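2 protein chains.
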Amino acid sequence: MAIFSRSGVRLWSLLKKTSRLCYASQHTAVDSSQYVTAGCPEPNGPSLQTSVPGPESQRLIQELDKIQNTGSIQFFVDYAKSQGNYIADVDGNVMLDIFTQIASIPIGYNHPNLLDVMSQPENLSTFINRPALAVFPPKDWVQRLKSALLSVAPPGMHQVQTMACGACSIEHGQKAMFITYQRKKRGGMPPSQEELSSCLSNLKPGCPDLTVLSFSGAFHGRTMGALAVTHSKWIHKLDFPTPDWPMATFPKLKYPLHENERENMEIENRSLDEVRDKIEEYNRRGRPVVGCCIEPIQAEGGDNFASPRFFQELQKICKENEVVLLIDEVQTGCGSTGKFWAHEHFNLPESPDIVAFSKKMLTGGFYYKDDLRPKEAFRIFNTWVGDSSKVLLLEAVINTIKEYNLLDNVKDTGKYLKDGLHEMEKKFPHCVSNVRGLGTFCSVDFPDGLFRDNILNKLRSRGVHAGACGDRSMRFRPTLVFQKHHADIFMDAFEKTLQENQ
Amino acid sequence: MAIFSRSGVRLWSLLKKTSRLCYASQHTAVDSSQYVTAGCPEPNGPSLQTSVPGPESQRLIQELDKIQNTGSIQFFVDYAKSQGNYIADVDGNVMLDIFTQIASIPIGYNHPNLLDVMSQPENLSTFINRPALAVFPPKDWVQRLKSALLSVAPPGMHQVQTMACGACSIEHGQKAMFITYQRKKRGGMPPSQEELSSCLSNLKPGCPDLTVLSFSGAFHGRTMGALAVTHSKWIHKLDFPTPDWPMATFPKLKYPLHENERENMEIENRSLDEVRDKIEEYNRRGRPVVGCCIEPIQAEGGDNFASPRFFQELQKICKENEVVLLIDEVQTGCGSTGKFWAHEHFNLPESPDIVAFSKKMLTGGFYYKDDLRPKEAFRIFNTWVGDSSKVLLLEAVINTIKEYNLLDNVKDTGKYLKDGLHEMEKKFPHCVSNVRGLGTFCSVDFPDGLFRDNILNKLRSRGVHAGACGDRSMRFRPTLVFQKHHADIFMDAFEKTLQENQ
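So the protein lines, in turn, are chains P and W.
Letter by letter, the first sequence follows residues 875 to 1376 of the numbering used here.
Letter by letter, the second sequence follows residues 875 to 1376 of the numbering used here.
These are computed hints drawn from the structure, not numbers from a lab.
Predicted model only: the values in this text are computed from it and were never measured.
Honestly, I wouldn't trust all of these hints.
Copies of the same chain look alike in the list, so a pair counts if it fits in one copy or across any two.
Calculated lysine-lysine pairs in the DSBU-like style (CA-CA distance at most 30 Å, straight line) [unchecked claim]: (1) K1013 to K940; (2) K1332 to K1128; (3) K940 to K1020; (4) K1300 to K1193; (5) K1249 to K1013; (6) K1059 to K1358; (7) K1243 to K1190; (8) K1243 to K1370; (9) K1292 to K1107; (10) K1078 to K1152; (11) K1020 to K1126; (12) K1285 to K1126; (13) K1058 to K940; (14) K1301 to K1190; (15) K1292 to K1059; (16) K1249 to K940; (17) K1358 to K1128; (18) K940 to K1193; (19) K1107 to K1020; (20) K1078 to K1126; (21) K1243 to K1193; (22) K1058 to K1078; (23) K1190 to K940; (24) K1249 to K1107.
Throw the hints in and build the complete structure from the sequences for me.
Shown next as structure tokens:
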């Protein structure tokens, strides 16, 4: 992928600086802006007026609580005033945001290139007339798919399906697995009358007992099919009927990696053996394993990494067993590991069979190999199958990534951030452990969840808004325009917090 | 609901006429506009330049076919040039649209009130900074939920959850059923350690074997949980593993209704008996029926209606058996039956337990009774849980419905349309049968699917773009701004087509 090259910058991004200034000025709400980060004006640092959530957030939480459960609300946000890496709340607090809407803001808040999209009258109809994309696509749809989604497709993948969100991307990716498996099983014959009628009542043979393998600690979404391959926390799973599908243990590596090479290889080998065993067991029980879902880095489950060798071996096992390999890049995709797709770090001999995305990509969806393309219409389908306005915005995101070499930025800042975290690990060995990461997709562990939550609260009172994952981890999910001076702001607040808490 | 009253019109809708003119002029692409329908300029009728799909649509289909299966594509659309009830394709054809993106365009293409939303600089940040709504909601979120979603809530419902689309609204509505059932079963006790750990591996008791009852011919969506209660066509179901959940027969009424009252009552009673039997059977098998999903009118399954008495009895059975009743108003909601929610036609003694919506509502989601509200945070949750920009647009839609008394318009036009269809039924008794409908949510049957498809093609060559449903039905799904003169255009084309084909 040549998405680093400046030569790819399209003329329009230069032509539109004027209209940008006009829109940016309307949105430059924090008057003290001194910095411009990858084209986006930013305040010169966090500034707090109240504790967070402040009184206005608390009032709004009480109001909202009359309408729905608000236990997950952290604070109310003033999105018009948020800029770049800084999130502004309704109490006038401005925080450095390294959680970014659960890792879903690609190039910062109110980036001028996104405001640009809104300033073009010819784009407005895309936002107010939502098409049934698989029946009545807009005239520029093919071009948008090419210039946005296909321009960053994982090597070797030429087919793409848009979807509304991550969970339905996984669900429809699984359906592509099932369709393909049954088509091959029929050996070119059409489905039988019995299949066609029994499927209407959820019965065999029309609804066969196929399974998908997944991993302990995995998170793939919250609808029934996506939830069946999710195993990270009880809060997502308890009380919900779920098919009995095979689960293998995801390797839990020991850090630092270079001191634990042999043990980690053994841990991974045990996991791979379990994958082989589960496939064999479920196949034998007449419940064939037709697919395997895996995150390149388990995020929600605690930022669990495995080695490139692990993924290479997993792909080999899948191929030997005719199991479709789906890599879930919903949280890892779109550049935050320093490559556009995290699985590009694995040097797989060939691309995965399906790559699912959402979050920073703004649209859900999945790439798939030609073999997985359904032969019949309406098999992978719903009313909207995504949203063309999100693909329009994604095109601007991808152009911005190219324009400002943001993958290079992520690599540089990520190294700087990780070096800083290792320093903290040395300085505060009883507090900070297991520093790990690719690009700015980094994380550290604390002694336990309570300790972690306390650190997150203290960081917020210093103007740094970070997120948790797993039992006792803090995850870094900054934007792609997060730079070294932002990392400095974080590290300063982190060090002071650790000094207080050691 | 006082949504008919003009007194509810908010001042801003009057104040913004000026900006409207400015934006409308940019989008008045069909110069011959003579009509203004509910505030929206429209061409004076259909006009065709080529057959549909024309050469440019065909070229684009070929291009798109390199990227995904295109078997479901009908034609490519010029959304900027589409206006009100008229859809413009890429070959310069302008058609009267009574299918409207599978029933998902509420107030016509490019309505000035929607363009207004885009013309306010303070709204732009809502379109480019998508929040994680259940963690970091925008400052106007409570107000938006009140003025948009709660202002049209079904009587007696005060809780609402937004979602991205129809399928995930059903899935999360089902989760609310499961959570509530298990909470009651625990009688106030917390979940056991065994439940908390077993659910992570998809096992009992954490993942109990609960079921949801649904009906033959039903359509509720295409993710695994929504698909488990869907039974309309094999194309949605074949090859996908699906839980064995109970299905009862949906009544297939005989028309005309007034000539078949006794027989229809018997048909409905048999269906109700089956519901009782299935609940009893599955409960006995240790697979308790905790919920029931039903459409007020089965749309995708063939526009199948049942009587208010049927729904009243169904609600009674559900209450007797502590089964949560979910009414799926994804296609029927937002006014097209002449009431805002189709189930309001049923005079239920109390509201359903859950009402799901999407399509014309622009955002997915569901209303639910207080009892179904989860006690814990993160139980009904995902990254985005909907999209605040869609709720912003929905607010403008609802204000427009009020401003132009569009529910009255739907009732008037619907009666006019149905009278016309009855006339066609009399004139062409061998072609047209089973005229039925509420508001403009109407349909007719033809002798078979081939006949129907031929009629739809002929209608299109006369500039009228309609949709199919079921085996041999044509469904009317016009916008809420569809008026008698539009019905005349349809009826004229329909009569000519029938004359040719009788």
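Consistency of the hints with the structure:
no., hint, verdict
1, K1013 to K940, "between (44 Å within a copy, 16 Å between copies)"
2, K1332 to K1128, "within (28 Å within a copy, 68 Å between copies)"
3, K940 to K1020, "between (45 Å within a copy, 11 Å between copies)"
4, K1300 to K1193, "neither (43 Å within a copy, 62 Å between copies)"
5, K1249 to K1013, "within (24 Å within a copy, 47 Å between copies)"
6, K1059 to K1358, "neither (54 Å within a copy, 53 Å between copies)"
7, K1243 to K1190, "within (16 Å within a copy, 50 Å between copies)"
8, K1243 to K1370, "neither (50 Å within a copy, 47 Å between copies)"
9, K1292 to K1107, "within (27 Å within a copy, 53 Å between copies)"
10, K1078 to K1152, "both (23 Å within a copy, 19 Å between copies)"
11, K1020 to K1126, "neither (38 Å within a copy, 46 Å between copies)"
12, K1285 to K1126, "within (25 Å within a copy, 63 Å between copies)"
13, K1058 to K940, "between (53 Å within a copy, 22 Å between copies)"
14, K1301 to K1190, "neither (42 Å within a copy, 67 Å between copies)"
15, K1292 to K1059, "neither (49 Å within a copy, 48 Å between copies)"
16, K1249 to K940, "between (48 Å within a copy, 13 Å between copies)"
17, K1358 to K1128, "within (28 Å within a copy, 72 Å between copies)"
18, K940 to K1193, "between (52 Å within a copy, 25 Å between copies)"
19, K1107 to K1020, "neither (38 Å within a copy, 33 Å between copies)"
20, K1078 to K1126, "between (38 Å within a copy, 26 Å between copies)"
21, K1243 to K1193, "within (14 Å within a copy, 49 Å between copies)"
22, K1058 to K1078, "within (17 Å within a copy, 33 Å between copies)"
23, K1190 to K940, "between (53 Å within a copy, 28 Å between copies)"
24, K1249 to K1107, "between (37 Å within a copy, 17 Å between copies)"
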